[in-house]
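Enquirer: Following the hints, put chain B in place on chain A, whose structure we already have.
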Amino acid sequence: MMNGAVQKSVIPPPSTKKSIWKKLWDQKYLMLMSIPVLLYVMLFNYYPLWGWRYAFQNLDLTTIKKGADWIGLGNFQWLFNEKLFWLGFRNTLAMSLINLVFGTTASILLAILLNEVRSRAFKRTVQTVTYLPHFLSMVIVVGMAQNMFITDGPINRMLMSIGLIDSPVWWLGEGKYFWWLVGIINVWKEVGWNSIIYISTMTSIDPTLYEAAAIDGAGRFQRILNVTLPGIKATFVVLLIMNIGHLMEAGFEIQYLLGNKQVYDFSQTLDVFVLEFGIQNNKYGRAIAAGMFKSVVGIILLFGANFVAKKMDEETLL
Amino acid sequence: MTVLNRKKRKPQDRDIVFPIVNGLILCVLMFVTLFPVINTVAISFNDGIDAVRGGIGLWPRVFSVEAYKSLLSDKLTYNAFGISVARTVITTVLNLFFTSMLAFALSRKEYIFRKFITLAVVLTMYVNAGLIPNFLLIHRTLKLSKTFWVYIIPTMFSCFNMIVIRTYIIGLPEALAESARIDGANDLRIFWQIIFPLCTPVLATVALFVAVGSWNQWFDTQLYCGSKKYLHTLQYLLKMKLATSMNTTNMANTSVDALANAGATKSTPVTVRCAITVVSALPILLVYPFLQRYFVTGMVLGGVKG
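First to last, the protein sequences are chains A and B.
Mind the numbering: the first sequence is residues 481 to 798 in my numbering, read in order.
Mind the numbering: the second sequence is residues 740 to 1045 in my numbering, read in order.
Keep in mind the hints are simulated off the structure, nothing from the lab.
One thing to keep in mind: the hints can contain errors.
Stated by the list, open to error - With a straight-line cut-off of 20 Å between C-alpha atoms, the simulated SDA-like cross-links for lysine to any residue are:
1. A/508 x B/848
2. A/545 x B/882
3. A/502 x B/923
4. B/885 x A/762
5. B/848 x A/507
6. B/967 x A/760
7. A/503 x B/855
8. A/603 x B/769
9. B/882 x A/542
10. A/603 x B/756
11. A/741 x B/983
12. A/503 x B/928
13. A/503 x B/916
14. A/508 x B/933
15. B/882 x A/540
16. B/882 x A/529
17. A/503 x B/921
18. A/503 x B/849
19. A/603 x B/766
20. B/854 x A/507
21. A/603 x B/760
22. A/603 x B/770
23. A/546 x B/879
24. A/603 x B/1032
25. A/503 x B/924
26. B/882 x A/522
27. B/980 x A/653
28. B/882 x A/523
29. A/508 x B/916
30. A/603 x B/1027
31. B/854 x A/522
32. B/854 x A/501
33. A/546 x B/881
34. B/885 x B/966
35. A/502 x B/924
36. A/603 x B/1033
37. A/603 x B/764
38. A/508 x B/920
39. A/508 x B/855
40. A/508 x B/925
All values derive from a computational prediction rather than experimental measurement.
Okay, chain B solo, but in the shape it has when bound:
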């Protein structure tokens, strides 16, 4: 406060100092956000044994692609990549289809069951039966364990996204649907040919949410498909690598000499884990900057009150 008071004599000073300090703080924040990401990329391109010594910053110290070589020589990596892509694409398409369909139906004010279905669906955001009842349903009742469909069927609809899309549809001019109705179009046609194409921005947002959620999922693999190697996803491979490195690195520092003696391999668990991290984060890093302008509007539409 005293500093501020002293500066009152030259008011224009304050308006130069604050933006600079503010900009500096935000730059530090960006650095803190990006450092772990770049560091992981740097470690993944570093020589394995050298990486165990630690102290790698933003650039590899001893450049090597051995970690990627060992990763890409393993058939399971390709398989996991394929499973991850397949589950992401199929889930996104189906989820978008069902979610937007319900959003359209619940956006029609004349629809008789609108209130009832909206309430039934929104309530699920607050009431959740929990892990075990869901597990029993999927594992015992529906017997989806150890099948690919366990990745798809339980995630075909999401309530939050439905509200986001519905809010967007309600914001569209009513006259569009009305004129089509007068021309004799039924609700299916109105949805597919008029509303659905108009929803592209919000659908892009929702597609991003769903795709990222599906791509990043690892727990369903562990719960239902842990014993089926050919159903493992990239995230689950990474999770298994993380679990082993959690145990080994946490006990004490892995002995560099022991590794060097064992040493024909130039990739170590650390570098391989970082390489999988890079591979599994890459699709998101590539796609996300282009979709940014969409998802911010989507978030605001979904609002807090829904």
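Pulled out of the complex, with its shape left as it was, chain A reads as follows:
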């Protein structure tokens, strides 16, 4: 015992080395708890990235057994000449932007309105009701949307009774409405949920700021404009960066479920494109190339937005 203590003080290098091993041994249970999960993440999140090599091979159902050939950028060349790919690109961007603008505006507005409510019970009720659609599956939501927007459904009846339209509109079957329909449905589903983060930011604003503003003669709207909105700016910027990183993810479920032959030119997104070419036509190489393009553009957008925010001296994500 004493001998060991003396050794420790005399020759430090082996002792520190030993302490690393000892440290590892001491943390064996932490490793036991974390390394299996790390391996799981490696398999399900990192190993598929290795599949990106197929983007440079002519992989499909026939070549997958005997091994596909490397064809360089052939898949990308095909992709960039494919009309359907650019159609999907356009629709993805359009619906993402509509979601971003309307979704963000609506949830900030809702948060402001809720923040002004004095009655806790009423606030709670509104929150419980507006969070609800977030928990419904997209299949259910699209089914409900169909009930609403069908030719002789409640929306057409209401619009006709207040005289905005003369005859029923075929909302679900005309391409020009599709993007906006998706926007409306997404706002309906997520506005309450997305307002949570803004509400919690607003409740953390220092109340003395409001009092000071009131003493200075600021009315309710001026207080919202000059205290509430600056208070949520940091949250807004961080969420904006994240959303810009997700611009390539317009969603897949809603377009796939709500879309049909009549509106295909407006409903087909990049994800639907990947599904149709990859799974239904088994053109794995081409579909992976499209998916890879999507992911890479998404990462570039994320870093780009983060970079711009940094330049503008705003709160950043990364």
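Expert: For chain B alone, coordinates are given in the frame of chain A:
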């Protein structure tokens, strides 16, 4: 603005008008949120042929439970319900177990691999290989297609939830774990007997997220188990009904007369679809109001920066 200026003479007026207008707007919002839900319930309890005429609001026009009868007379409905429940329960338990375990390990500041593993796991939130590579992994490499396990194995861990739980654990008093350590407890015991029970609120949140995600999933059924009828989930049954009604109702209005002539059945695709919607949404509607107080804190904990 002019309106506001005119009211300046009586400042107390403004403080009555705004809350009323605000309350009205929020009430309209609640109505808009609830209308489609109640409407779907109303259609599901309506006579099938009558429902095709449209115009049902918040209450059934011709009350009938035929849609539920036809739904409940089909063995596949019970089977799908069972599969949905099984996948939800098993996924939630396993996911909670693995996610909270990693969250605990990564909350220990002394842990050597903490930074490395945290980075490796958080990066997965931003980099996603995409549909096809994942499909090839699950379908070809792991051969999970057409088995029940395809619902479980790929969803046993979630990064976002890990961060939520980890943030919560870091917020717990350090002294709790420390005193247990002095008493000779190892990390496993500290986790199971001290930290895990203290995490109930955040675990309830995460359980809700995971359970809802698993219950609402339909795409994995379509991708991997479409041909196996006994592996179909409720959501997938609904998805198939939705696809057919999308095609038929969208062409033109289904002819009421044709349906009436064909007519021994009192349930139509529309009412049956609404009935499945109600059945598949019911568990969520029943559970969710009780968990609301938990998930809001969970969302805030997860924060935006993670």
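Enquirer: Each hint needs a verdict: does it hold in this structure or not?
Expert: Verification of the hints:
At most 20 Å may separate the alpha-carbon atoms for a hinted pair to count; residue 508 of chain A and residue 848 of chain B meet this at roughly 15 Å. With a C-alpha separation of about 15 Å, the suggested pairing of residue 545 of chain A with residue 882 of chain B holds against the 20 Å cut-off. Between residue 502 of chain A and residue 923 of chain B, the direct Cα distance comes to roughly 17 Å. Compliance with the 20 Å bound is thereby established for this hinted pair. At most 20 Å may separate the alpha-carbon atoms for a hinted pair to count; residue 885 of chain B and residue 762 of chain A meet this at roughly 18 Å.
Note on residue 848 of chain B and residue 507 of chain A: the hinted pairing holds, with a Cα-Cα distance of about 12 Å set against a maximum of 20 Å. The straight-line distance between the Cα atoms of residue 967 of chain B and residue 760 of chain A is roughly 18 Å, inside the 20 Å bound, and the hint therefore holds. Distance hint between residue 503 of chain A and residue 855 of chain B is fulfilled; the C-alpha atoms sit about 17 Å from each other, no more than 20 Å. A threshold of 20 Å between alpha carbons decides the hint, and for residue 603 of chain A with residue 769 of chain B the separation of about 11 Å falls inside it, so the pair holds.
Our distance criterion of 20 Å between C-alpha atoms is met by residue 882 of chain B and residue 542 of chain A, whose separation comes to about 18 Å. As the CA atoms of residue 603 of chain A and residue 756 of chain B are separated by approximately 18 Å, the hinted pair is consistent with the 20 Å bound. Restraint check for residue 741 of chain A and residue 983 of chain B: satisfied, since their Cα atoms lie roughly 13 Å apart, inside the 20 Å limit. Our distance criterion of 20 Å between C-alpha atoms is met by residue 503 of chain A and residue 928 of chain B, whose separation comes to about 18 Å.
A distance of roughly 18 Å separates the Cα atoms of residue 503 of chain A and residue 916 of chain B; the hinted pair therefore holds under the 20 Å criterion. Among the hinted pairs, residue 508 of chain A with residue 933 of chain B is consistent with the structure: their alpha-carbon atoms are about 19 Å apart, no more than 20 Å. Among the hinted pairs, residue 882 of chain B with residue 540 of chain A is consistent with the structure: their alpha-carbon atoms are about 18 Å apart, no more than 20 Å. Between residue 882 of chain B and residue 529 of chain A the CA atoms are separated by roughly 18 Å; this keeps the pair inside 20 Å, and the hint holds.
For the hint linking residue 503 of chain A to residue 921 of chain B, the alpha-carbon distance of about 17 Å falls within 20 Å, and the restraint holds. Under the criterion of a C-alpha separation no larger than 20 Å, the hint pairing residue 503 of chain A with residue 849 of chain B is consistent with the structure, at around 9 Å. Of the supplied pair hints, the one linking residue 603 of chain A and residue 766 of chain B holds, its CA atoms being roughly 11 Å apart against a limit of 20 Å. Using a Cα cut-off of 20 Å, the hinted pair residue 854 of chain B and residue 507 of chain A holds, with the two alpha carbons roughly 15 Å apart.
Restraint check for residue 603 of chain A and residue 760 of chain B: satisfied, since their Cα atoms lie roughly 14 Å apart, inside the 20 Å limit. Of the supplied pair hints, the one linking residue 603 of chain A and residue 770 of chain B holds, its CA atoms being roughly 15 Å apart against a limit of 20 Å. About 14 Å separates the Cα atoms of residue 546 of chain A and residue 879 of chain B, which keeps this hinted pair within 20 Å; it holds. For the proposed pair residue 603 of chain A and residue 1032 of chain B, the alpha carbon gap of about 13 Å is at most 20 Å, so the pair holds.
Distance hint between residue 503 of chain A and residue 924 of chain B is fulfilled; the C-alpha atoms sit about 16 Å from each other, no more than 20 Å. Of the pairs offered as hints, the one joining residue 882 of chain B and residue 522 of chain A holds, with about 18 Å between alpha carbons and a cut-off of 20 Å not exceeded. At most 20 Å may separate the alpha-carbon atoms for a hinted pair to count; residue 980 of chain B and residue 653 of chain A meet this at roughly 18 Å. This hinted pair checks out: residue 882 of chain B and residue 523 of chain A have alpha carbons roughly 14 Å apart, not beyond 20 Å.
Taking the CA atoms of residue 508 of chain A and residue 916 of chain B, the gap is about 17 Å. The hint holds against a cut of 20 Å. Simply put, residue 603 of chain A and residue 1027 of chain B have alpha-carbon atoms about 17 Å apart, close enough for the 20 Å limit, and the pair holds. As the CA atoms of residue 854 of chain B and residue 522 of chain A are separated by approximately 16 Å, the hinted pair is consistent with the 20 Å bound. Restraint check for residue 854 of chain B and residue 501 of chain A: satisfied, since their Cα atoms lie roughly 18 Å apart, inside the 20 Å limit.
As the CA atoms of residue 546 of chain A and residue 881 of chain B are separated by approximately 19 Å, the hinted pair is consistent with the 20 Å bound. With a C-alpha separation of about 8 Å, the suggested pairing of residue 885 of chain B with residue 966 of chain B holds against the 20 Å cut-off. Distance restraint check for residue 502 of chain A and residue 924 of chain B: the Cα-Cα separation of roughly 17 Å lies within the 20 Å cut-off, and the hinted pair is therefore satisfied. Proximity of residue 603 of chain A to residue 1033 of chain B is assessed by CA-CA distance (about 16 Å); at most 20 Å being required, the pair is judged to hold.
Distance check on the hinted pair: residue 603 of chain A and residue 764 of chain B sit about 13 Å apart at the alpha-carbon level, within 20 Å; holds. The suggested pairing of residue 508 of chain A with residue 920 of chain B holds, with an alpha-carbon distance near 15 Å, which does not exceed 20 Å. With a C-alpha separation of about 16 Å, the suggested pair residue 508 of chain A and residue 855 of chain B falls inside the 20 Å cut-off, and the hint holds. With a C-alpha separation of about 10 Å, the suggested pairing of residue 508 of chain A with residue 925 of chain B holds against the 20 Å cut-off.
This entry satisfies every hint, going by the numbered hints stated previously.
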